Amino acid sequence: MVVKTLTGNYAVAYAVKLARVNVVSAYPITPQTTIVEKLSEMIEKGELNARMIRVESEHSALAAVYGAASAGARAFTATSSHGLLYMHEVVWWAAGSRIPLVMAVVTRAIGPPWNIHVDHQDILDQRDSGWIIAVAQENQEVLDLTLQAFKISEDPRVYLPMMVGLDGFILSHTTAPVDIPDQELVDSWLPPRRQPYIIAPESEVVMGNIAPDEDHFMMRYSMAASMEAAKKVIEEVDREYGEIFGRSYGGLVECYKCEDAEYFVVIMGSWAGDAKKAVDTLREQNVPVGVVRIRFVRPWPREKLLEILSGAKGVLVFDRAVSMGSTGILFSEVAQTLYPLNISLKGLVAGLAGVDVGPSRIEAEILKFIKQTEEGAIYTPTEWILPEKYAGRYPSSPKEVIAK
Amino acid sequence: MTVNIKRIPKKKFLMPGNAACPGCPETMGMRYLKMALGDNFVMVIPAGCSSVIQGIAPRSGIYAPILNIVFAAGASAAAGMKAGFESIGRKDVEVVVWAGDGGTGDIGFQALSGAAERDDDILYICVDNEAYMNTGIQRSSLTPYGAWTTTTWTGKREHKKNIPLIMIAHGVKYVATASVGYPTDFIAKVKKASQIRGFKYIHLLAPCPVGWRFDPALTGEIGQLAVKTGLFPLYEYENGKFQLSPLARRYKDPSKRVPVIEYLKLQGRYKHLINKPEEIKKIEEYIESIWYMIDVLEKAFNPKEEARKLLGSL
Ligand SMILES: Cc1ncc(C[n+]2csc(CCOP(=O)(O)OP(=O)(O)O)c2C)c(N)n1
Ligand code: SF4
Chain H
651 MVVKTLTGNY
661 AVAYAVKLAR
671 VNVVSAYPIT
681 PQTTIVEKLS
691 EMIEKGELNA
701 RMIRVESEHS
711 ALAAVYGAAS
721 AGARAFTATS
731 SHGLLYMHEV
741 VWWAAGSRIP
751 LVMAVVTRAI
761 GPPWNIHVDH
771 QDILDQRDSG
781 WIIAVAQENQ
791 EVLDLTLQAF
801 KISEDPRVYL
811 PMMVGLDGFI
821 LSHTTAPVDI
831 PDQELVDSWL
841 PPRRQPYIIA
851 PESEVVMGNI
861 APDEDHFMMR
871 YSMAASMEAA
881 KKVIEEVDRE
891 YGEIFGRSYG
901 GLVECYKCED
911 AEYFVVIMGS
921 WAGDAKKAVD
931 TLREQNVPVG
941 VVRIRFVRPW
951 PREKLLEILS
961 GAKGVLVFDR
971 AVSMGSTGIL
981 FSEVAQTLYP
991 LNISLKGLVA
1001 GLAGVDVGPS
1011 RIEAEILKFI
1021 KQTEEGAIYT
1031 PTEWILPEKY
1041 AGRYPSSPKE
1051 VIAK
Chain F
978 MTVNIKRIPK
988 KKFLMPGNAA
998 CPGCPETMGM
1008 RYLKMALGDN
1018 FVMVIPAGCS
1028 SVIQGIAPRS
1038 GIYAPILNIV
1048 FAAGASAAAG
1058 MKAGFESIGR
1068 KDVEVVVWAG
1078 DGGTGDIGFQ
1088 ALSGAAERDD
1098 DILYICVDNE
1108 AYMNTGIQRS
1118 SLTPYGAWTT
1128 TTWTGKREHK
1138 KNIPLIMIAH
1148 GVKYVATASV
1158 GYPTDFIAKV
1168 KKASQIRGFK
1178 YIHLLAPCPV
1188 GWRFDPALTG
1198 EIGQLAVKTG
1208 LFPLYEYENG
1218 KFQLSPLARR
1228 YKDPSKRVPV
1238 IEYLKLQGRY
1248 KHLINKPEEI
1258 KKIEEYIESI
1268 WYMIDVLEKA
1278 FNPKEEARKL
1288 LGSL
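So the protein lines, in turn, are chains H and F. Counting from 1, position 207 in the first sequence corresponds to residue 857 in my numbering; the numbering is continuous, with no gaps. Counting from 1, position 233 in the second sequence corresponds to residue 1210 in my numbering; the numbering is continuous, with no gaps.
Since the hints were derived computationally from the structure, they do not count as laboratory data. Please read these numbers as outputs of a predicted model, since none were measured by experiment. Careful: at least some of the hints might be erroneous.
If the Cβ cut is set under 7 Å, some of the chain F residues that face chain H in the computed set are [claimed, not checked]:
id : residue
1  : GLN1031
2  : ALA1050
3  : ALA1054
4  : ALA1060
5  : ILE1065
6  : GLN1087
7  : GLY1091
Covered stretches of chain H, going by a simulated chain F footprint (3 or more residues, C-beta under 8 Å) [said to hold, decoys possible]:
id : stretch
8  : 704-710
9  : 853-865
For every residue, glycine included, the Cβ atom is placed at its ideal position computed from N, Cα and C.
Let the sequences and hints guide you as you build the complete structure.
Following this line, the structure appears as structure tokens:
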């Protein structure tokens, strides 16, 4: 074990190296670029024995690693924002093929206007595709999750590709001390690549030709079943990783100061750190609040959330991505999970396009929500925390704009 | 390289249950591909008629391992597969892309150009039936001037995009044109390409009875007429050398060519211009321009070092 000061992006690269990936292909996009730069360097220096395909686009990057994986290689790609959207067609194709793959997504807002700062629209846009989707809070977790992604994706109970999200700049370009596990230990823990089939001259496999609609339907059914199975695999991998490498994160969700909590903040990604700070402060004032950090958006941790939240007085969901015409994306997931429990529920859309929120604002929102709930349970699907510059000039619910 | 058709393995490549139309040039081409390559290859097929021709899963009417892939990603998926095989120590597997003219010259062009520039070790075959047949005969950038399609009802106004020439300009290892009308020529070119390491491109003309509106018994003959009229010269470009294929050399001489009207009048897609001399003239001028280009290529890429040095890699 070595401790190095690494950016989130370098933490990804070290995990890819430890997983002994055979083929890497990626296309530059801020803030992902330093991942592909670092991996190129590792490969050219001979530190990582892999092939690098320097493609001309993200569509090709994912197609190339998918092709490599179909031939039996362990393969990896990474992207952000517009790159991920450009890949979208192949994202679905790879999942439907049940080919294990790992992709790092350095989360970034989507234009216009051009913007390289963090929000979660890009990664959450992929949530229906059949990829396992996880999002990290800090750099150590980025390394651990990326490494675990290979094990989860290649588990025969899963056989689905996996995305690891890390927040643009906040993690990708910010350094923190990261434990890098020993290669021998990783080798003994991560089995050689497994996959449902390979396409090779002797295999006689044809993948993707037209199938009867009923069979196609059942392929979807089977993906859904594997998503359910993945929940167990994810918990297992998290536990055994803890035993071997000394770090566990709680599996599908991380609970922070949940034990005697009556109110919960549901949040995902790096700003969960801010939420934890807010909770620390409030706990000093004896406010019974905890943080439920979503680590895996897919499979959605329904059972686990019910276990944690069913006795709650109130749940406050922070969303860094919105489904236009509806609500924040995590909010709608949480709401369908908690139905029909009578829990006070509120969704806040904030932090879009990299706009900062910070612990004190989160703290204030928690207190406001508790006060509202104490006057009687509420159900508020969307309120927007507007940027400082515009606060007060516009109503916090876009609905009221029309009313005016 | 000469190919004796009698010595070629007779193993069945196309099975009952494949879903091609009668007289389909794509299945003809696939059969020749298998004859040329034997067993040690995999196919990557982007969307197009050949995705459908395979028939219904879990079976397949084509006796080869196939990775079907999204429309725009034929070349990139194949490049990845090749790298995948190499990275796990299987250097001998040939990866062949089998893509339509749309999958090659339009939506898949970016990926194709990328793989060519990187000199990825794959064999890319464009099966050129001069339109999007799978979606019902819409024009592509490789549809020729004057041809009717369901998006050019009065005939396409632009000439065919010259993809093989663009591939030569990429400076790849091998570029050839072929026609399903001349199987042994195509087989020889595939065999030669498979001996070369690096990026190889073969442009296979594939007259489609459905889209070109002709009698399905005539696929081979129309494939030959395209060459005999001078419309589609057969050639090879290899390591900086360009040469006309032996059976196409005589058509350099305009007097040896079959008048283009003989080719056009067999095809319903040209029906509206058969009696328009000014339209026929345009097509004849196009043929002249193609041969002018051939002349330039022969001079630029002749075996003489001097000329090559002079022109660099075009
Ligand atoms: C991204 C995308 N756009 C459109 C289509 C629809 N589509 C499928 S095949 C095809 C045309 C294929 O034409 P070509 O490549 O010339 O092959 P052919 O069918 O003629 O063999 C189109 C437009 C698709 N599958 N994917
Ligand atoms: S439309 Fe043409 S190319 Fe397509 S399957 Fe039918 S004959 Fe073959």
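Here's how the hints hold up against the structure:
1. GLN1031: holds, 4 Å
2. ALA1050: holds, 4 Å
3. ALA1054: holds, 4 Å
4. ALA1060: Since the shortest Cβ distance to chain H is 4 Å, the answer is holds.
5. ILE1065: OK, holds: ILE1065 of chain F within 7 Å of chain H, min 5 Å.
6. GLN1087: holds, 6 Å
7. GLY1091: Interface hint status for GLY1091 of chain F: holds (3 Å vs cutoff 7 Å).
8. 704-710: Coverage by chain F holds here, the residue count being 6 at a Cβ distance below 8 Å.
9. 853-865: Coverage by chain F holds here, the residue count being 11 at a Cβ distance below 8 Å.
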